[in-house]
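Visitor: If you want the building blocks of each chain, they are given just below.
Number of protein chains: 2
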Amino acid sequence: MPASIGEFELIARYFSRPVHRADLGAGDDCALLPAPPSGEQIAISTDMLVEGRHFLPGADPEALGHKALAVNLSDLAAVGATPLAFTLALALPDADPRWLEPFSCGLYALADRHAIELIGGDTTRGPRTICITVLGTVPRGQALLRSGARDGDDIWISGTVGDARLALGDRRGEWTLDSTARAAAFDRMDRPEPRIGLARALRGIAHAAIDVSDGLLADLGHVLEQSRVGAVVEIDRCPAGPALAGQPIDRRRLCQLAGGDDYELLFTAPPRQRDAVQAAADACGVPVTRIGRIDAGPGLRLMDDDGRVADNVYPGFDHFRAD
Amino acid sequence: MPASIGEFELIARYFSRPVHRADLGAGDDCALLPAPPSGEQIAISTDMLVEGRHFLPGADPEALGHKALAVNLSDLAAVGATPLAFTLALALPDADPRWLEPFSCGLYALADRHAIELIGGDTTRGPRTICITVLGTVPRGQALLRSGARDGDDIWISGTVGDARLALGDRRGEWTLDSTARAAAFDRMDRPEPRIGLARALRGIAHAAIDVSDGLLADLGHVLEQSRVGAVVEIDRCPAGPALAGQPIDRRRLCQLAGGDDYELLFTAPPRQRDAVQAAADACGVPVTRIGRIDAGPGLRLMDDDGRVADNVYPGFDHFRAD
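Protein sequences appear in the order of chains X and W. Note that the working numbering has the first sequence beginning at 703, numbered continuously upward. Note that the working numbering has the second sequence beginning at 703, numbered continuously upward.
It should be emphasised that the hints constitute simulated quantities derived from the structure, not laboratory data. Among these hints, one or two may not hold up.
[Stated by the list, open to error] Looking from chain X toward chain W, a few residues come up when the C-beta cut is under 8 Å (computed):
1) Leu735
2) Ile746
3) Thr748
4) Met750
5) Leu778
6) Pro841
7) Ala845
[To be verified] Residues from chain W that keep clear of chain X, each with C-beta distances beyond 10 Å, as calculated:
8) Asp814
9) Thr862
10) Gly906
11) Glu936
[To be verified] Derived Cβ-Cβ restraints for the label pairs, each shown as a range:
12) X:Glu711 with W:Arg755: 13 to 23 Å
13) X:Gln844 with W:Ala885: 53 to 63 Å
14) X:Pro804 with W:Arg1010: 45 to 55 Å
15) W:Ala985 with X:Ser740: 25 to 35 Å
16) W:Ala981 with X:Glu927: 52 to 62 Å
17) W:Ser718 with X:Asp984: 32 to 42 Å
18) X:Glu711 with W:Trp877: 27 to 37 Å
19) W:Gly754 with X:Pro720: 34 to 44 Å
20) W:Arg873 with X:Arg755: 27 to 37 Å
21) X:Arg893 with W:Gly754: 24 to 34 Å
22) W:Gly754 with X:Arg874: 27 to 37 Å
23) W:Thr878 with X:Arg842: 56 to 66 Å
C-beta atoms are modelled at their ideal positions from N, C-alpha and C, and glycine is treated no differently.
Build the full structure now, drawing on both the sequences and the hints.
Guide: Laid out in structure tokens, this is it:
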């Protein structure tokens, strides 16, 4: 069994790759980044993942390295930013190379794919907790904000939604999936793909965007609230992957509308941009689906395939309300 | 007893003050900052504080709000950066207004004094953990780095050191302080003052800097290692506050040389800059003391008041070695 290592050796061994875009990476009191061009804004977001809350004890550390960075990159995607750099603060019960090695591999593999550099961090002993802060850049005035939705906009969603909630329900014993569906659903929950490329391609085309983390309707609700508009969502239009498509309709709706953790991009764009949206999606190889319309009516209304109004019984996730 | 509140209400009530220097603060997927002028670099640091490790259960939340930001600001100080913005990720066992209210007050009070804005964050349920990431700016090439010390430099320390370790020893039962000394020592441990102003004034004067968090000798060791130089420290020259000055010499040395958590600025500067260093210190109202000299000899050597060589029996703090 490999021996536990010290704090400084831990950082040196697993989190000290050379940086190329930063002027100074880990190892001093601060990292240093060159100022971006004056026409750019810096986009910043931070997310904390806690063992027992966001992931189970014993979770695959390689997948966890991926997911911890993915959920942060997804916040950059949600404003259409280009990833630049990130910091990592890590509390661990012990400095175990058998956990650190695969965790850092999962983290760096995703970082390399999106050309984002680890530039600094902090390690301490404590209940396993991962806090990542990401920095990106976006041309001034082109960020896709929650407040940008306009009356008449189409509502679009990338990829498919609901698989992460489907996996969670299986884990919780709410239902039992067959082995094929289980593998597909857990892969979606454990390895979300931040929609960085699509979101960048939608700058200047989309009006508003958010990533689906709390639940599709809950996250759309944030857009409506900040944009001071209403919406109709055609709930049976929401795209499902193969695992979810074979489930009973009530379960499918629950997973798609209330389930978070898919990290797909929900965005709005005016109908005249439909071809441009589709072209952006095609160029990125990410399917997109229109699922509703922004309007000036009050709140969020749901409509099923038969044109009937459905009740919104799909509350979003709140860390201090839910268990 | 006030009721517990939800995640979104928590953010809205305690962490959503308007921003002035940022283009967009909390409430969207990312915060947005204008790019700093092209002659500037962005300095970034992150620190995580864990209950039971960095602070005790039941610690005064107002002091904790101060300290959580202070230790991060101290990292900006250590490179001579000007504070700009910070994010806050918070895991809490519950959303209790009796904790949140004073915590946010302590945090904002220090933030306001240094004109640094809270621009975003994350809240989740979990073991009480505070992770702050700070951003600052520094003119290109003027950052005070650990790697900048040169043969012949004086070694300086700001303020007084050792009081935080003196308080810790009292708490741990290693010794018992009288009430005056205890109050003074705990105040230093709980309310460190980041040396932002002094560090900025030392840009262009000092060669290297670090903040004392792991222990004076340990942190000086980081400077020596990265600068590839050695040093002699005159251990009895280290400045002590009134509480520590009255302690037995062995305890005083232990607290000053091995004790971290004081967040004073340790820096090196060439002897020809002595007047400039003193003038910078006077302008900021922060005393500074010369405690040794950088040289080309091997490692770190200690010398007492009688000119005798002393053993270095003062290891620094390592989160995965110490308990």
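Visitor: Going through the numbered hints above, which ones does this structure break? Give me the numbers in ascending order.
Guide: 6
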